[in-house]
Amino acid sequence: MMEPSAYLLLSGILFGIGVAGVVARKNVLIILMSVEIMLNAVNVAFIAVGSSLGDVTGSIFAFMVMTVAAAEAAVGLAILIAIYRLKETIDITELSILKW
Amino acid sequence: MEPALFIVFGAIAVGGAIMVVTRRHPMASALYLILTLFAVAGLFVLRQAHFLAAIQVIVYAGAVVVLFVFVIMLINVPEDKLPVERVTGMRFLGVVVAGLLILESALIVRRSGMAGTPAADSGSVEAVGRALFTDYLLAFELTSVLLLAAVIGAIALAKKKI
Chain A
466 MMEPSAYLLL SGILFGIGVA GVVARKNVLI ILMSVEIMLN AVNVAFIAVG
516 SSLGDVTGSI FAFMVMTVAA AEAAVGLAIL IAIYRLKETI DITELSILKW
Chain B
793 MEPALFIVFG AIAVGGAIMV VTRRHPMASA LYLILTLFAV AGLFVLRQAH
843 FLAAIQVIVY AGAVVVLFVF VIMLINVPED KLPVERVTGM RFLGVVVAGL
893 LILESALIVR RSGMAGTPAA DSGSVEAVGR ALFTDYLLAF ELTSVLLLAA
943 VIGAIALAKK KI
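Top line first, the protein sequences correspond to chains A and B.
The first sequence begins at 466 in the numbering used here and counts up one residue at a time.
The second sequence begins at 793 in the numbering used here and counts up one residue at a time.
Each hint should be verified, as a subset may be incorrect.
Below are the DSS-like pairs computed for lysine-lysine, each with C-alpha atoms no more than 30 Å apart in a straight line [said to hold, decoys possible]:
hint	chain 1	residue 1	chain 2	residue 2
1	A	Lys564	B	Lys951
2	A	Lys564	A	Lys552
3	A	Lys564	B	Lys952
4	A	Lys552	B	Lys951
5	B	Lys952	B	Lys873
6	B	Lys951	B	Lys873
7	A	Lys491	B	Lys873
8	A	Lys491	B	Lys951
9	A	Lys552	B	Lys952
10	A	Lys564	B	Lys873
11	B	Lys952	A	Lys491
12	A	Lys564	A	Lys491
13	B	Lys873	A	Lys552
14	A	Lys491	A	Lys552
Honestly, the hints are just simulated from the structure, not real lab data.
Given the structure is predicted, the values throughout are model-derived calculations rather than measurements.
Sequences are here, hints too, so could you generate the full structure?
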């Protein structure tokens, strides 16, 4: 069994890539996918630490994170469809109705 | 065995994630996202979390990414109407900050020095199911309420008239 630190490092790298995608991309779909990558990175950390402690709680937490991710994807994509009907664009810089 | 497989799956996961955030067309990103999610499922198997690995493939690759692909095809943005991504100062700064975040997490992991005790089968279906339906029963039931709220919200938002 490996030490969990390698998994934690991988988790940090995946999370950083997700952050880069969220801050640097304009396409709303790709931003939502980057959020999924970030949630997955957190799951890797939960599983690595949980299994190295021999405890099932890590798995339970990762399970809850997955549920939230599924709900987030469903609602986020529904919002995206509603916005696309309204504005005919998926460019995040043009979606500034709430800004004044 | 585990270190070699860890390197293989980890490299696939990181490479796939980089491809997800750099592709121009969202459909390519979605397919690379599936690759990343499968690699992460492999990492879960390496950590003996078999239940989570199965759920990862079924829920993520089987449901969430299919939802993404559905939406990409449904709104079907023409090639010339995809957002033009130019490298500006602020966005370059954002990527630099993300890189610093990775560096920071690496430093924290190096200093924390977590010791790994071998785990028997802490993530098996039996162990997770037992904990889920005894200690975490309330959280599990609340999860179903969350999903119900998400379903109703998604239907309400995607209706023709809002």
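Handout entry: Proposed proximity, Lys951 (chain B) with Lys552 (chain A) (alpha carbon, max 30 Å)
Key = holds, 16 Å
Practice task
Assess, step by step, whether the Cα of Lys952 (chain B) is no farther than 30 Å from the Cα of Lys873 (chain B), and give holds or violated.
Solution key: It holds: about 23 Å lies between the C-alpha atoms, which stays within 30 Å.
Exercise for the section: Would you mind confirming whether the straight-line C-alpha gap from Lys552 (chain A) to Lys952 (chain B) stays at or under 30 Å? Expected result: Holds, because 14 Å separates the two Cα atoms, which is no more than 30 Å.
Problem - Satisfaction of hint between Lys873 (chain B) and Lys491 (chain A), Cα-Cα up to 30 Å - result: Holds, at about 12 Å.
Practice task
Assess, step by step, whether the Cα of Lys491 (chain A) is no farther than 30 Å from the Cα of Lys951 (chain B), and give holds or violated.
Solution key: Holds, because 25 Å separates the two Cα atoms, which is no more than 30 Å.
Exercise for the section: Starting from Lys873 (chain B), check that the Cα of Lys552 (chain A) is at most 30 Å away, please. Expected result: Holds - the C-alpha atoms of Lys552 (chain A) and Lys873 (chain B) are around 12 Å apart, at most 30 Å.
Exercise for the section: Measure nothing beyond the straight line between the CA atoms of Lys564 (chain A) and Lys952 (chain B); if it is 30 Å or shorter, mark the hint as holding. Expected result: holds, 25 Å
Exercise for the section: Mind checking the alpha carbons of Lys564 (chain A) and Lys873 (chain B) for me, to see if they're no more than 30 Å apart? Expected result: Distance of about 23 Å is within 30 Å: holds.
Practice task
Measure nothing beyond the straight line between the CA atoms of Lys952 (chain B) and Lys491 (chain A); if it is 30 Å or shorter, mark the hint as holding.
Solution key: With Cα atoms ~26 Å apart, Lys952 (chain B) and Lys491 (chain A) stay inside 30 Å; holds.
Exercise for the section: Decide if the proposed pair is consistent with the structure: Lys564 (chain A) and Lys552 (chain A), CA atoms, cutoff 30 Å inclusive. Expected result: Answer holds: Lys564 (chain A) to Lys552 (chain A) is near 15 Å, not above 30 Å.
Practice task
Mind checking the alpha carbons of Lys564 (chain A) and Lys491 (chain A) for me, to see if they're no more than 30 Å apart?
Solution key: Answer holds: Lys564 (chain A) to Lys491 (chain A) is near 17 Å, not above 30 Å.
Practice task
Take a quick look at whether Lys951 (chain B) and Lys873 (chain B) sit within 30 Å of each other, Cα to Cα.
Solution key: holds, 24 Å
Figure legend: structure checked against the earlier numbered hints; every hint is met.
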